[in-house]
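Here's the letter readout for the chains.
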Amino acid sequence: MKRLLQILFTVGSLFIAGIFTVAQAAELIVWHAYRGAEKTAIEKLAKLYETKKGVTVTTLAIPYDAYADKISASVPRGKGPDVFIYAQDRLGGWIESGKTVEPIDFFMDDATRAQFLPGMLDAMTYKGTVYGLPLNYKSITLIYNKALVKTPPKTSAELVKLARSLTNADSGRYGLAYWYTNFYFHAALMNAFGGKVFDKDGKLVLNSKETVASIKQMMKWYKQDGIMPTEPSETLVSSMFNEGKVAMVFNGPWFIGEISPSIDFGLAVLPVIDEAGKKPMRPWLTIEGAYVSASSKQKDMAYDFAKFLASEEAGLVLALEGRQLHTNAAIYKDKRVSDDVVLKAFHDQLSSAEPMPNRAEMTMMWSPATTAMNKVVKGNATPEAALKEAAGAIQDGINALHKGR
Amino acid sequence: MNVAEHLKRSAVLGLGVSILLTLVLSTWMFRAEEGELRLQQRQRLAVMHANALALSVADTDVGETGRRVSDIQKLNPQIESVIIVGGMQLVASTRAEDAAPRRLEREEKALFDLSNQIRSARETNQGEEVVRKKIIQVDEKVAGHVVVTVPYIAHGEFAGILQMKFNTTGEDVFGLTPDSYTLPLLLLVAALIAGTLLRMSADKRIDLVKLFVIGIFLAIAMLYQNQRMERYEQMVVQANQAVAEKYLATAEQYDRLGYLALAIDNSSANLWDTDHYQRPLGLIAADGSIPAETQAAHFEKRTRFFNRILWAINLLGVAVLLMFIYGFAARTYAALKEHAYAYAYVTPAMIGMLVLVFFPFIYGITLAFTDTTLFNEFLPFQDRWIGWDNFKAILGDFNLYQNTPDGIIWNYQNFYWTLLVTVVWTITNVTIGVTVGFLLAMALNTEGLRGKAIYRVILILPWAIPNYITALVWRGMFHPQFGVINQMLQMFGMEPVAWFDGVASSFLTGLATNGWLSFPFMMVVILGALQSIPRDMYEAAEVEGANPWQRLRYITLPLLKPTLIPAIVLSVVWTFNMFNIIFLVSGGQPAGANEILITKAYKIAFENYQYAYAAAYSTVIFIILLVYGFFQTRITKATESY
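From first to last, the protein sequence lines stand for chains A and B. Each residue of the first sequence is one higher than the one before, counting from 12 in our numbering. Each residue of the second sequence is one higher than the one before, counting from 1227 in our numbering.
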């Protein structure tokens, strides 16, 4: 009996000692939703950071579909990672529900603030407070089939002229294709006309004459000019482009990997819209940031790692190996980056692009806005009526959230 | 033991247990409520001091601010320390070691963040023109030390925060005797005596004595609760008096120092005594008087939710009492005693059910009675309670269609439209599943059919493929331009159909997909049942001269019934909540017209963040299925046919 107790005691104390040593070793947990080259690149950076600072960085890839919900469920309850990487669209919701994202204004020095490309830090800022360090951005741009398009169009007039010459609806050939019923893609046109979803005070201003004009412009391309296929979707656009049935698409960096090797493609900045007073199309930027978890026990260290990911050194790895469009302005001076056709093209597009709003209310916008776009495209409603109805539905949702106490 | 004696014992035990339960629960609730009042009182005093100080330094320069802060702190021994933070700067501090003004240090990040948080809360409230974000933060991490943070407004602009540490130890404004157990004990004894004196009759379901027992229970419970309520009301009055006294004393200090003038009229609101949204509570006027009418209204509002809880406790007590006087308790006890081992074995499973099934279930239903959204889920429960409003909004909205010159326009967002779609969806799907399944099963059951095993495997395949994949494949097939279905239509010279544009055609896409997915299950079930029908029945019928139709009608179908009915019940429930197919195939297009209840609930919860409304939606779905299941089993007597 005595022996047994002794053994139990030894095992127990070893166990407790084990817990303490684990707790004391400097270890950062980082969550991301990367696969393939991006995953390899971030794992390489974790190793690099470990050798530099002596802090073990454990990266964990979470499936994208489950990612946001996993963060919402674990972090406010004191679990989860120290640092997590996600796009800005959920940021507002996390901040409103609280105890998820740590504000990092206090940590940031002026050099860090200045290192980013313009607009990047705005996406990470919510109601005047910075919550994350921007890492990379995505936007759509003009991607064309070099076999069909010699020089990419600079203006909407050129675009229509070129596209019409390449369109033959009977054989299923079109000059232009993009997912125009999806409001994310449509936003490029909306911004060209100066339309907005929310004004700077957060009031819903979706139903405006600018947005109506942008939808009419889209309808002109689709109906009057007839240069775009019906019922667009991501898969439709990519399969048509790969079959050589569509000459130009508006799409983002994720599309590059889907282009079949037989297609020789080029990239160019989205055209200027003559009808909008020669304003350029301004696509929405989705910007991924590294956030310090509000329940992290080692926030200084977590911030330091986030800062490392946003640095020039890490930016080059993420850009060249992870194929990401990093937010650090310095890397675009590097020859390897500026010689890279794809990275350079998206960087060029950045000069006319704007961050997608990060307000929590944005999630409520997608469904009614998409419904409105579909109604207009199918001829079931005028742009004015469809937008009015959508704005009404969104406003109802917002009012339910903004209930006074 | 004879019946009379048994009933008598039930009455005594029942009254004893239910009164004891009610007394314990009520006492516990009152204690909690009184504790809450004490906490609020401590915080209220601290908030009052912080508000006063913040107001007094609103228009002064830095040096004067520091001086005023330290003067006030010295005058009030309860104020342990005060700091003012503006941006990265520590503007003023009463702690000697701080040497204000100076830059914030790394460990003081929380102060900087808090300042930002309060600024953003103020801006949000002003921008949205509703008050929903707290701008006064109070916390009491160390007992007896309340830390209050209020906005520091300088020259009309937000300039930072004022944080006050307030000592509340040894302070009790409630000069009340502690809880005594005499009254509850007396009441308990009274209940037991009443129980022994009563004689219930066994043969009547409801007799006067039983009602009388319930009456006694309610009388005792309410007597006790009323008595505690009076005491509680007295505490609330004392709380207000204490704040008023403190207010006058403090105001006099400020007046004397010339920092803030005391407003001696009772017309204006008291700006010191506020809630956490910095709105005047209105319980104490600016001159320190206590207006009687707001007092009563305030108490009524304060105890509204609490009174409901008391009623819930009383109802629980009545339920327990009924269990005893109708003998359920005795029977449960006997069963527990007799099958003690069996119950011990199922306990782990029951705990598992409790945690994994019943808790989320009850939580969901409770959530339906609140107005929880993403933006207010951190608020305490009773602040979110709204009663039946969600159900009224869902069920009471009859804005189903509009009459316009162009004809009727249906409102696809309406609950009843979605319900209609769901019901039609369920009926058509189950009909298709059963019919196709039945026909295929009959075919497969043919005597001497070759390659039966192969056919069976092929026919089960749709069921074996994950339904996500099937749904996405079908979605692709319905693509108007490139989908295989329209291609085929065009091959035969027909016009392509824009499947997802029309309400009916979009409905058909879901129906086709789910029909494809659901027939294998029905087929397998029916095939199994068919094979278990004895051959000799058919032989006997044939000898008697029955034709094939008669054999089907009088032998096959009746014998299939016991298998088919539970399968249909199950299938109806599955189809009613068939989320994947609707979500992935048509996505409720066009304009949400083909949404079913469950996909709608999903959208409300995860697109609009209205968690409580979605919970109410789900509760309605549950009730519909419950009623359905109840009637289905009743009508078909499915459970008894075995």
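Keep in mind that the hints were calculated from the coordinates and are not lab data. Quantities reported herein were computed from a predicted structural model and do not represent experimental measurements. Ideal placement from N, C-alpha and C gives every residue a C-beta, glycine not left out. Treat the hints loosely; a few may be bogus.
[To be verified] In silico DSS-like links for lysine-lysine, alpha-carbon gap of 27 Å or less:
{"id": "1", "chain 1": "A", "residue 1": "LYS149", "chain 2": "A", "residue 2": "LYS58"}
{"id": "2", "chain 1": "A", "residue 1": "LYS310", "chain 2": "B", "residue 2": "LYS1367"}
{"id": "3", "chain 1": "A", "residue 1": "LYS414", "chain 2": "B", "residue 2": "LYS1360"}
{"id": "4", "chain 1": "B", "residue 1": "LYS1367", "chain 2": "B", "residue 2": "LYS1300"}
{"id": "5", "chain 1": "B", "residue 1": "LYS1563", "chain 2": "B", "residue 2": "LYS1527"}
{"id": "6", "chain 1": "A", "residue 1": "LYS234", "chain 2": "A", "residue 2": "LYS318"}
{"id": "7", "chain 1": "A", "residue 1": "LYS308", "chain 2": "B", "residue 2": "LYS1335"}
{"id": "8", "chain 1": "B", "residue 1": "LYS1829", "chain 2": "A", "residue 2": "LYS207"}
{"id": "9", "chain 1": "A", "residue 1": "LYS389", "chain 2": "B", "residue 2": "LYS1829"}
{"id": "10", "chain 1": "B", "residue 1": "LYS1360", "chain 2": "B", "residue 2": "LYS1391"}
{"id": "11", "chain 1": "A", "residue 1": "LYS138", "chain 2": "B", "residue 2": "LYS1359"}
{"id": "12", "chain 1": "A", "residue 1": "LYS234", "chain 2": "A", "residue 2": "LYS157"}
{"id": "13", "chain 1": "B", "residue 1": "LYS1391", "chain 2": "A", "residue 2": "LYS308"}
[What the hints assert, rightly or not] Per label pair, the in silico range of CB-to-CB distance:
{"id": "14", "chain 1": "B", "residue 1": "PRO1586", "chain 2": "A", "residue 2": "LYS90", "range": "43 to 49 Å"}
{"id": "15", "chain 1": "B", "residue 1": "GLY1622", "chain 2": "A", "residue 2": "GLU169", "range": "55 to 61 Å"}
{"id": "16", "chain 1": "A", "residue 1": "GLY109", "chain 2": "B", "residue 2": "PRO1692", "range": "35 to 41 Å"}
{"id": "17", "chain 1": "B", "residue 1": "GLY1702", "chain 2": "A", "residue 2": "ALA77", "range": "54 to 60 Å"}
{"id": "18", "chain 1": "B", "residue 1": "GLY1622", "chain 2": "A", "residue 2": "GLY139", "range": "36 to 42 Å"}
{"id": "19", "chain 1": "B", "residue 1": "TYR1642", "chain 2": "A", "residue 2": "SER176", "range": "51 to 57 Å"}
{"id": "20", "chain 1": "A", "residue 1": "GLU395", "chain 2": "B", "residue 2": "TYR1503", "range": "47 to 53 Å"}
{"id": "21", "chain 1": "B", "residue 1": "GLN1460", "chain 2": "A", "residue 2": "GLY415", "range": "30 to 36 Å"}
{"id": "22", "chain 1": "B", "residue 1": "TYR1503", "chain 2": "A", "residue 2": "LYS355", "range": "49 to 55 Å"}
{"id": "23", "chain 1": "B", "residue 1": "TYR1854", "chain 2": "A", "residue 2": "ALA77", "range": "30 to 36 Å"}
{"id": "24", "chain 1": "A", "residue 1": "ALA77", "chain 2": "B", "residue 2": "VAL1368", "range": "35 to 41 Å"}
{"id": "25", "chain 1": "B", "residue 1": "MET1714", "chain 2": "A", "residue 2": "ASN253", "range": "39 to 45 Å"}
{"id": "26", "chain 1": "A", "residue 1": "LYS231", "chain 2": "B", "residue 2": "PRO1692", "range": "20 to 26 Å"}
{"id": "27", "chain 1": "B", "residue 1": "GLN1467", "chain 2": "A", "residue 2": "GLY139", "range": "37 to 43 Å"}
[Unchecked claim] Just some of the chain A residues that point at chain B, by a computed CB distance under 8 Å:
{"id": "28", "residue": "GLY408"}
{"id": "29", "residue": "HIS413"}
{"id": "30", "residue": "GLY415"}
Ascending list of hint numbers which this structure does not respect
As far as the earlier hints go, 5, 6, 14, 17, 20, 25, 26 are violated by this structure, in ascending order.
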